[in-house]
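Enquirer: Here the protein sequences line up with chains A and B, keeping their order.
Residues 1 to 221, numbered by the working numbering, are exactly what the first sequence covers, in order.
Residues 1001 to 1266, numbered by the working numbering, are exactly what the second sequence covers, in order.
No lab work stands behind these hints, which were simulated from the structure alone.
Just so you know, even glycine gets a beta-carbon here, dropped at the ideal spot from N, CA and C.
All clues given are correct.
In silico negatives: residues of chain A with every beta carbon more than 12 Å from chain B:
#	residue
1	23
2	30
3	114
4	157
5	200
6	212
Only pairs whose alpha carbons sit at most 25 Å apart, straight line, appear in this in silico BS3-like list of lysine-lysine:
#	chain 1	residue 1	chain 2	residue 2
7	A	60	B	1108
8	A	12	B	1262
9	B	1262	A	201
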Amino acid sequence: MIIVDNIHKRYKTNHGLGKWVLQGVSFTIPPKVSVGLIGRNGAGKSTLLRLIGGTDQPTKGHVERRCRVSWPMGFGGGLQGSLTGRQNAKFVCRIHGHEDDIEDRLAFIQDYAEIGAAFDEPIKTYSSGMKSRLQFGLSLAIDFDVYISDEVTASGDAAFKQKAATAFKNLVDHASLIMVSHGEGTLKKFCTSGIWLDNGKAHWFDDIDDALNAYKDSLPK
Amino acid sequence: MIRYDYAHPRTSLSITLSVWNALFLREAVTRLSTGRIAWLWLLAEPIIHLCIMLFMFIVIRMRVVGGISIEAWLIIGLVFYLMFKRTAGQVQHALTANRALFAYRQVKPIDTLLVRAALEGFITTLIAIIMGIGGIFFGVALVPDDPLTVLAVFFGLWLMGLGFGLVTSVVAALIPKIGIVLGVISTFLYLTSGVIVPISHIPKPYRDWLLINPLLHGIEAARLGISPYYHAIPGLDVGYLFKCAVFAIFFGLALHKHFETKLITL
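When you get a sec, could you build the whole thing from the sequences and use the hints?
Expert: Written as C-alpha cells, this is what we have:
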C-alpha cells in the first residue's frame, strides 16, 4: 500500500521558485493494484513518479510506502560513468540488501541485459540502448512489491521491447506497477486503475478506461 | 528468480549498514583503481610536496627547527596536516561526486560523507605509516616517544577534517561560487597551522592570535609526541583541537539535518 498525502511540489528555477507542478495531490494505492498515470506533457507525471519512488522530495506533504517500492525504472541517474556495469550492479544489489546472493543476481543482470563483455566496461562507453538494457535488468534483479516505470517500454530495439513487454507481464503476476505511458494499449494491458493528472491535481479512477476517457474529454477538440 | 522475505522488512539500521558497505567498496574502487596508477599518486603527491619543501629549506640553509631536524619537522607537519586536508577535501566534495546515487532513496547525503571520511582516514593512515617507516629508514628521528599522544592527535585531526568537511559541504552546496572563498580559507589554515612556517619564530602578540587555529595545536602536539626535545609553541593545548573538532562535527550534522531535503532536491 502506498499513501500519498497532500503533496505539493515546485522546482527552483533560475528566476526563483517555479510554478506549482503538483498542488495538493492525495490518493492511496491499495496492495496488488497496478496504476497508470495519465496527463498532458508537463502535467507532473514523472515528478509524481519520482516522489513516489523517493528519488525526489515533495515541497510539502509526504509519501508513505508500506511495501517495497522500486526506484523509477529506466531512470537516467543512478549509474556512475567511470565504473563498469558490473560494479554499478554490485552497488545496487548491496544497497538493497542482497550481499549474500549477489553472484546470482549479477549473473541474472548480465544475462538479461544481453550486453555481453561490455558488462565489464565503464558505463560511459555504453550506447544509450545498452544503458537502458542494463537499467531494466537492474530493476528486475531486485524484488519489489511495486515497480515504478517511466515509459520504460519505449526504449531499446524491437527485440528488447518484446523482451521488456514479456517481463512486464510476468511482473504483474507477483507485483504491481505504477506506470507512465502515452500508449493507450500498454496502459490497458497492465493497469487496472488510473490517475489523471490535470492542473496540479490528481483524479483517481478505479477503472483505467474511465481515466482514459476523462483525459480524452479534457483535450481540446 | 530468488524471492525475498516480505514478512520481515529490513530495519533502518540494516539498510544504513548495507548502504555504508556498498558505498565504501564503491568509493575504494574509484579512489584506488580509476586510471592505471591512481593508488601510486595517493602516495606520490605528499612525497613530492615534501621534497619540494625540503629543497626550499635546504636552499635557505635551515637545518634545525625548535630543536629537531628539519626533515623530522617537515615530515611530521605534512603527514599530520595531510590527514586533515585529505579528509576535509574528500568529505566536502562527496555530495557533488555522488549526486547520481541519491536516485536510490536508501542513500542519504550524510552516508556518502561519513563513508568518504572513513575511507580517507584509512588511506591516509597507510600513507602515514609508509612515510614514517621510509623516514626512519633514511635516518630521520621519527620513532614516537609518546605513541598514544601521537595516535590521539592523528585521530583528532581526522575528526577535525570530518567536521570541517561536513560544514563546508553544506555551504558549498547551498551558496554558488563559494568554493573560491573556501579555497582561500584552506590556504590560510595551511599557512597558519605551522606546517611549513615555524610559528614559534613569529613574535607576540601575533603568535597568540594564531593559537586560534586548532590545527596548529594538533601539529605541534604531534611533533612534541614524537620528539620530547621539541620546543613546542607556548600555549599548546591538544584538548582545544578535540573541542573544536567535536563542535564542528555537531554543527555540520545539524546543518545536514536541517537542509536534508534541500541537499537531495538541489
